[in-house]
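Visitor: Given next are the chains, with one letter for each unit.
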Amino acid sequence: MSVTIAMSVNGRPVEATVDARTLLVEFLRNDLALTGTHVGCDTGQCGACTVLLDGKAVKSCTILAAQAAGAKVTTIEGLARDGTLHPMQAAFRDCHGLQCGFCTPGMVMSALDLVARHPAPDERTVREGLDGNLCRCTGYHNIVKAVQQGAAAMRQGG
Amino acid sequence: MYAFELHKAASVADAAARLAQTGGRPLAGGQSLVGAMKLRLAQPGTLVDLSGIAELRGIRKEGTALVIGATMRHAEIADAADVKATIPALADLAGGIGDRQVRNMGTIGGSIANSDPAACWPAAVLGLGATVVTNKGRHAADGFFKGMYETALGSDEIITAIGFPVPRKAAYVKFRNPASRFALVGVFVAQAGDGAVRVAVTGAAPAVFRCAPLEAALAKAFTADAAKAVKIDAQGLGGDLHASPEYRAHLIGVLAARAVASLH
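Sequence lines, in order, name chains C and L.
If you're matching positions, the first sequence starts at 56 in the numbering used here and goes up one per residue.
If you're matching positions, the second sequence starts at -9 in the numbering used here and goes up one per residue.
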């Protein structure tokens, strides 16, 4: 069965007819070629596929594309402006908040949900807020530092 | 994912009619159902999406009860000023479910209808003696949770809201499975306005259940020591690679004591 869905992706209106079974992450990656959103575990555990749905972090591997109809979706590709990294992306680079980088898009998107609620998060708040995102390289320490630095830069409008 | 039919329902009546016609399943946030379908642990031929139904939304006081609409998301409930002010234990419970992403999508009604043996919401429903309101009537909490993934709901019956009586005191404490974030054991303790005590346990058996020995002890003395002194029988409790029945039995007493201690 096909369904016609319309949504905004990174500020761009998108309309498509897709199979009802299409997951949001499949729609983003396969139909829109936005491959920055990664599929890690594909079972809703690892958070690599995290995107913002109306500003809130969700796991796009556990949501049907049709469930996002009418919503504003933001992926990692929607953050940089005119070739300049978003402050949260820049902070991950500065703090060495990644090694292989596979989890990073999901980490950054979750960090943005967190900072929207906690503009100046302490370490514990960051660790709890990123509970749904797994990293198998870094040991998380530099990720926590990156989120705090990114939050500070965002407060300064950087 | 296998192929299925998907209908976006415009109203509860529309959703019920679709479910009756197709034998399908309602889709709320999908945080259990979509994952289960990907693994083919569930294989409904039709999904009826409830997310566009305005009458399933909202949080309101009705007499002495706090009524939460079925498709309210965990994160919304955790953040709701009405919930924090009226039954803070529910806001705490909602804020501890899964992780942020799951809380942003998953719904209270979906969790209750699913009756996962380790889910948090069933403990609140049973612990507060809540009423599960559906398109067909009302269910008392006692008797609603029948077993593992099994409730008293009929196949075309849709939860519309949950009415929680406002207690004098209530607290929920869970021991989290660090991998799944579900409750290895979770205990909801409540003292009603008339002083009656209810204790509901999740994660320890095929379905949430009330713990009579703890209720009796806490009715006599609502103290952490009274909870600690109760010896919980491991008979009938679940054992798996995460915890033995004896370990779960021990945790029930420990968590009940912590819940009571948090209220003093």
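Incorrect hints may appear among the rest.
Unchecked claim - The calculated label-pair distances, taken between Cβ atoms and stated as ranges, are:
1) L/P203 to C/M56: 49 to 55 angstroms
2) C/A207 to L/Y237: 40 to 46 angstroms
3) C/Q154 to L/E45: 33 to 39 angstroms
4) C/A171 to L/A251: 30 to 36 angstroms
5) C/R172 to L/G144: 36 to 42 angstroms
6) L/A206 to C/A207: 49 to 55 angstroms
7) C/T72 to L/G42: 15 to 21 angstroms
8) C/S57 to L/A44: 41 to 47 angstroms
9) C/T72 to L/H240: 42 to 48 angstroms
10) C/Q154 to L/P203: 38 to 44 angstroms
11) C/C155 to L/G127: 51 to 57 angstroms
12) C/R172 to L/H240: 46 to 52 angstroms
13) C/Q154 to L/D132: 48 to 54 angstroms
14) C/R191 to L/L31: 24 to 30 angstroms
What the hints assert, rightly or not - Sample of chain L residues lacking proximity to chain C, with all beta carbon distances greater than 10 angstroms (derived):
15) A(-7)
16) E(-5)
17) A10
18) G20
19) G25
20) L29
21) G88
22) D89
23) N94
24) A169
25) Q181
26) G185
27) A195
28) R200
29) A209
Stated by the list, open to error - One side of the interface only, derived from the structure: several residues of chain C facing chain L at Cβ under 7 angstroms:
30) M56
31) S63
32) R67
33) R76
34) P174
Hints were generated in silico from the structure; no laboratory data involved.
For every residue, glycine included, the Cβ atom is placed at its ideal position computed from N, Cα and C.
Visitor: Determine for every hint whether it applies to the structure shown.
Guide: Hint by hint, here is what the structure shows:
{"no.": "1", "hint": "L/P203 to C/M56: 49 to 55 angstroms", "result": "holds (52 angstroms)"}
{"no.": "2", "hint": "C/A207 to L/Y237: 40 to 46 angstroms", "result": "holds (43 angstroms)"}
{"no.": "3", "hint": "C/Q154 to L/E45: 33 to 39 angstroms", "result": "violated (49 angstroms)"}
{"no.": "4", "hint": "C/A171 to L/A251: 30 to 36 angstroms", "result": "holds (34 angstroms)"}
{"no.": "5", "hint": "C/R172 to L/G144: 36 to 42 angstroms", "result": "holds (39 angstroms)"}
{"no.": "6", "hint": "L/A206 to C/A207: 49 to 55 angstroms", "result": "holds (54 angstroms)"}
{"no.": "7", "hint": "C/T72 to L/G42: 15 to 21 angstroms", "result": "holds (19 angstroms)"}
{"no.": "8", "hint": "C/S57 to L/A44: 41 to 47 angstroms", "result": "violated (26 angstroms)"}
{"no.": "9", "hint": "C/T72 to L/H240: 42 to 48 angstroms", "result": "violated (55 angstroms)"}
{"no.": "10", "hint": "C/Q154 to L/P203: 38 to 44 angstroms", "result": "violated (51 angstroms)"}
{"no.": "11", "hint": "C/C155 to L/G127: 51 to 57 angstroms", "result": "holds (54 angstroms)"}
{"no.": "12", "hint": "C/R172 to L/H240: 46 to 52 angstroms", "result": "violated (36 angstroms)"}
{"no.": "13", "hint": "C/Q154 to L/D132: 48 to 54 angstroms", "result": "holds (52 angstroms)"}
{"no.": "14", "hint": "C/R191 to L/L31: 24 to 30 angstroms", "result": "holds (26 angstroms)"}
{"no.": "15", "hint": "A(-7)", "result": "violated (6 angstroms)"}
{"no.": "16", "hint": "E(-5)", "result": "violated (5 angstroms)"}
{"no.": "17", "hint": "A10", "result": "holds (19 angstroms)"}
{"no.": "18", "hint": "G20", "result": "violated (6 angstroms)"}
{"no.": "19", "hint": "G25", "result": "violated (5 angstroms)"}
{"no.": "20", "hint": "L29", "result": "violated (7 angstroms)"}
{"no.": "21", "hint": "G88", "result": "violated (7 angstroms)"}
{"no.": "22", "hint": "D89", "result": "violated (3 angstroms)"}
{"no.": "23", "hint": "N94", "result": "violated (4 angstroms)"}
{"no.": "24", "hint": "A169", "result": "violated (8 angstroms)"}
{"no.": "25", "hint": "Q181", "result": "holds (29 angstroms)"}
{"no.": "26", "hint": "G185", "result": "holds (35 angstroms)"}
{"no.": "27", "hint": "A195", "result": "holds (25 angstroms)"}
{"no.": "28", "hint": "R200", "result": "holds (30 angstroms)"}
{"no.": "29", "hint": "A209", "result": "holds (35 angstroms)"}
{"no.": "30", "hint": "M56", "result": "holds (5 angstroms)"}
{"no.": "31", "hint": "S63", "result": "violated (17 angstroms)"}
{"no.": "32", "hint": "R67", "result": "violated (23 angstroms)"}
{"no.": "33", "hint": "R76", "result": "holds (4 angstroms)"}
{"no.": "34", "hint": "P174", "result": "violated (16 angstroms)"}
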